[in-house]
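Taken in sequence, the protein lines are chains A and B. Throughout, my numbering is defined as the position within the first sequence, counted from one, plus 724. Throughout, my numbering is defined as the position within the second sequence, counted from one, plus 639.
No lab work stands behind these hints: they were computed from the structure. Note that the coordinates shown come from a computational prediction; the quantities given were computed from them, not determined experimentally. Errors might be hidden in some of the hints.
[To be verified] The calculated label-pair distances, taken between Cβ atoms and stated as ranges, are:
{"no.": "1", "chain 1": "A", "residue 1": "PRO760", "chain 2": "B", "residue 2": "ASP880", "range": "47 to 55 Å"}
{"no.": "2", "chain 1": "A", "residue 1": "ILE1130", "chain 2": "B", "residue 2": "VAL799", "range": "36 to 44 Å"}
{"no.": "3", "chain 1": "A", "residue 1": "GLY861", "chain 2": "B", "residue 2": "GLN821", "range": "35 to 43 Å"}
{"no.": "4", "chain 1": "B", "residue 1": "GLU980", "chain 2": "A", "residue 2": "SER986", "range": "50 to 58 Å"}
{"no.": "5", "chain 1": "A", "residue 1": "ASN949", "chain 2": "B", "residue 2": "MET903", "range": "51 to 59 Å"}
{"no.": "6", "chain 1": "B", "residue 1": "MET903", "chain 2": "A", "residue 2": "PRO984", "range": "52 to 60 Å"}
{"no.": "7", "chain 1": "B", "residue 1": "VAL799", "chain 2": "A", "residue 2": "PRO760", "range": "50 to 58 Å"}
{"no.": "8", "chain 1": "A", "residue 1": "GLN1020", "chain 2": "B", "residue 2": "ALA710", "range": "30 to 38 Å"}
{"no.": "9", "chain 1": "B", "residue 1": "ASP880", "chain 2": "A", "residue 2": "SER1120", "range": "41 to 49 Å"}
{"no.": "10", "chain 1": "B", "residue 1": "ASN848", "chain 2": "A", "residue 2": "SER1120", "range": "26 to 34 Å"}
{"no.": "11", "chain 1": "B", "residue 1": "SER1030", "chain 2": "A", "residue 2": "GLY1154", "range": "36 to 44 Å"}
{"no.": "12", "chain 1": "A", "residue 1": "ASP946", "chain 2": "B", "residue 2": "GLY1087", "range": "39 to 47 Å"}
{"no.": "13", "chain 1": "A", "residue 1": "GLY861", "chain 2": "B", "residue 2": "ASP750", "range": "31 to 39 Å"}
[What the hints assert, rightly or not] Not everything, but these chain A residues come out facing chain B in the computed CB check (under 7 Å):
{"no.": "14", "residue": "LYS909"}
{"no.": "15", "residue": "ASN921"}
{"no.": "16", "residue": "LEU934"}
{"no.": "17", "residue": "TYR1172"}
{"no.": "18", "residue": "GLU1243"}
{"no.": "19", "residue": "SER1264"}
Glycine residues also receive a C-beta, built at the ideal position from the N, C-alpha and C atoms.
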Amino acid sequence: MIANRTVSLLASLLLGVAGCGGGGGDSPGPPPPPPPPPPVTKAEAFQFLNQASFGATESEALEVIAIRQESWIDDQMMKPASLQLPHMLSLPPPQFMGQLHTDRVDIWFRNALWGDDQLRQRVAFALSEIMVVSQLGALQGRPFAVADYYDMLAENAFGNYRDLIEKVTLHPAMGVYLSMLGNEKPNPALNIRPDENYARELMQLFSIGLVQLNIDGTVALDGNNQPIPTYDQEIIEGFAHVFTGWTWRGSPSFGSGRVPVSSQYFPMEHWPDFHDTGEKMLLNGTVLPPGQTGEQDLAGALDNIFNHANVGPFVAIRLIQRLTTSNPSPGYVRRVAEVFNNNGAGVRGDLGAVVKAILLDPEASPSMAMEIDGKLKEPLLRLTQLFKAYNASSTSGRYPLVGSYILFGQGPLQSPSVFNFFSPFFAPPGEIRNSNLVAPELEIATEYLSTQYTNYMFFQAFGLNHTNENLDEDDIFINFQEEMDAAADINALINMVAGKLLGGEISDTLRTEIAGMLERIPETDTAIRAAEVIYFVTTSPEYAYQR
Amino acid sequence: MKTLNRRDFLRTSGAAALFAATPGLAYSQVVGGGGSFTDYRALVCVFMFGGNDSYNMLIPNTNAEYAAYAASRQNLALLQSDLLPISPASTGTPDFGLHPAMGGIQGLFQDGNAALVTNVGPLIEPTTKAQYFDRSVTLPPQLFSHNDQQDQWTSLRGNVQSKTGWAGRMADLIRDGVAGQQMATNASLFGSNLFQSADETVAYVMGPNGPVQYQGFSTTPGDILNEQRLAFGRVVAAQYDTIYERGYAEVQRRAIDAADTVSMAIANAPTINTVFPQSQLGTQLQTVARLIAVRDELQMQRQIFFVATGGFDSHDDQNQNQPGLLGGISDAIAAFHAATEELQIANSVTTFTQSDFGRTLTSNGDGTDHAWAGNQLVAGGAVNGGDLYGSYPLLEIGGPEDVGGGRMIPSTSADQYAATLAKWFGIPDVDLDIVAPNLGNFAQRDLGFMIA
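Start from the sequences, fold in the hints, and give me the full structure.
And the structure:
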């Protein structure tokens, strides 16, 4: 049985217990002056950086230890976004457009690994798993749109959520992916009515969800103890009518035709003749009056969503799950949702303040970790952490790892659908499901994909390393020269890898098993010894876990 | 792992009320009393992700009904002259047509090896249009939403929470009878899914080409790679402090256990000469055929396979994309059936489709939106083929089955569809209500499309 900290969020959701908070600690009265905080340990710095970056490294940990987490966040938020589109546009024109997705993945890795805006890149990645577009499907031929979409997420990662949903809504990548681009007013004679795709998923997946939530993320219930839907078909149709009349910038005809490449990275433009001008039913009984322009309808509709009470807890849960823990307590969700609702200066939707609240919450770095704290690392983040720690590079300087979604189920903007690589509600059979908890990332840790990941790490450690003289120019290799230099001393070698990948904390089992293997490898086979340790650590359950 | 007793199982699967309504039922009467099966049977679920527009898969071919269809669908309507006509056994005349890309299914239908179940979808109880609008019946929650309707189809959850799927519950029910199997009853070639999720048994997830083996492991005593395998095994068998590490380690343990057995068996499979389409679905079904070919080596008696393909969410460009989508389904299922004939096991293998939902009869210009009821395919030697099952509505906007925009209310429930397949699979009638918890709300427990 799982020892819950209080009532866990999901348990309360399923049991229908209205959130009682618990552990909130917001009793009135002046607080005593705080004692000086203890120094940040290396393990704590690693824990924090695995939440806030594409993988902790020892050098970044030293920075966090020196200036503490909050200053590191403040510093990071000032850094401009590392972008993809300028790189994409600097490349020679390809033979066919879809080829450029390889370059898009390349620049994604460069920015994720070496961009000094680590927090911004990590939050952009989180947002890309909530407001999903994907290379796979309708955007296969639109790599510039996909790259620019990611740039837009990075640039707005600490901005206001209201601006973000407007930019998402009008981005041609989203327009193509959820078919709002080219959506037109009804034509009753032909049984044509507006496309409902974007209207539905904007509400279900990007902003409010299917059922009404309390401020702490628990499901609100009606008098019969039933969840209360946030919208119905009539409201979806209202929003579908709002989102009519938008198409490619510079398009010769509405919704189709040959458009310049630049239309992929400019917001969609409005064609009034294709916009429905009737009145439109929105959320919470709001009705948009007839006769408005497309821009007026859009502003009214996005304001209507933005001000729905669900957005705070909905965004809080989604971002907490991407950054810190799969099973936040109701108190944690409430604390973050309250910051969404008001950043302290009367502003609603300040994502920078929300991210800061998520990362600095006591539950993000509990002094005594419970067995439900933390989360599983996504395979892509396990990979980037290794790449960062071992200075992975290729002779060409490129990172064209475009097939990672086939290898282990995940790649940058390569989700199989708008529902992301895994569901926020996924619960594997066994103790997690029986305890009404979730572990979203475990949905792609199947027998098949976990074996594929493990095999990839085998090849990475033993084959794709700096000692291999037969690498192709695009092969991404890790550099473990330091480990080879230390390989004669088994304990020193294990400590070195544990220091780089696990923040210095390694379980007795893993240490013992690695030491046992190293004893079988001659001391002179330094590369094999180094590879063996890296293989065992990167495939271990403790490395897959984000504390 | 925690083991649930039967009472727990019934409670968690939402079937407690049904069990309580049949007092005096002995455990052995329900779960087969430890007896084992004497034959082999396999169900193969082909899931069409996104919501198949199945009113363009099966189309009325009689003039008045076709005219209603064409008036509703407008620019998305297929030409009557392009339809592949089929003559259901019950009428003997070519009253219906299949999408022109579905020649494979037309052939199976004519040979009596395929049937269609019409206007079927998730329901909790029989529902009319008037009842839908005055809310005098209980409706499945969150109609027209992708993931919710997928869950409805695969779990038959009705309006309660369910964490098990109907294939998972079948595997739990028969587990005592298949104790000698070398592989789990449920196998997925398309990732984790609710359909095969269960309380007491665990589905095995492999890749589209079957299991992958771990690199750098051997089983030769004294070999360092054997030591590596054993050391890796001890790492994933260790005790961990968090649910996440334990969950991840458990998957790795299962993967190590199953990969070698199944991979070795597949490697020794007889050659199958049937040519499969080079598609995601074709590859998966070819692997299923190879697994079925080695059923005896793996001592399999009952198997449920989950295969799938996507792209059916045709909000855009439907006329361009539909031939490839439906042709892909048709070609892959026809090839798979041919392979089972080649293996002389066709009478023991039943393939059936599921999808999120049907789609609107109205269009959004160049595509369709999320709706409710649709048509499904069933194929195999044990199918009472060459016929349609369930009623086929008049495809009229604003008609008696339309709740708006051409969203059709199901006239047959997904529970009835599942129960008919489950009965053939060997689930006793008394347990069909565990597989399909709302079956008792419908008069017909068996739709009749399977040979008894």
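Hint check results:
1. A:PRO760 - B:ASP880: 47 to 55 Å: 30 Å, violated
2. A:ILE1130 - B:VAL799: 36 to 44 Å: At 37 Å between Cβs, range holds.
3. A:GLY861 - B:GLN821: 35 to 43 Å: Check passed, 38 Å falls within 35 to 43 Å.
4. B:GLU980 - A:SER986: 50 to 58 Å: Given range 50 to 58 Å: holds, Cβ gap about 55 Å.
5. A:ASN949 - B:MET903: 51 to 59 Å: 52 Å, holds
6. B:MET903 - A:PRO984: 52 to 60 Å: 56 Å, holds
7. B:VAL799 - A:PRO760: 50 to 58 Å: 53 Å, holds
8. A:GLN1020 - B:ALA710: 30 to 38 Å: 36 Å, holds
9. B:ASP880 - A:SER1120: 41 to 49 Å: 42 Å, holds
10. B:ASN848 - A:SER1120: 26 to 34 Å: With a Cβ separation near 30 Å, ASN848 of chain B and SER1120 of chain A satisfy 26 to 34 Å, so the hint holds.
11. B:SER1030 - A:GLY1154: 36 to 44 Å: Hint holds: Cβ distance 42 Å, inside 36 to 44 Å.
12. A:ASP946 - B:GLY1087: 39 to 47 Å: 41 Å, holds
13. A:GLY861 - B:ASP750: 31 to 39 Å: Cβ of GLY861 of chain A to Cβ of ASP750 of chain B: about 36 Å, so the range 31 to 39 Å holds.
14. LYS909: 10 Å, violated
15. ASN921: 4 Å, holds
16. LEU934: 6 Å, holds
17. TYR1172: 4 Å, holds
18. GLU1243: 10 Å, violated
19. SER1264: With Cβ-Cβ at 6 Å, under 7 Å, it holds.
The structure is inconsistent with the numbered hints 1, 14, 18, although it conforms to all the rest.
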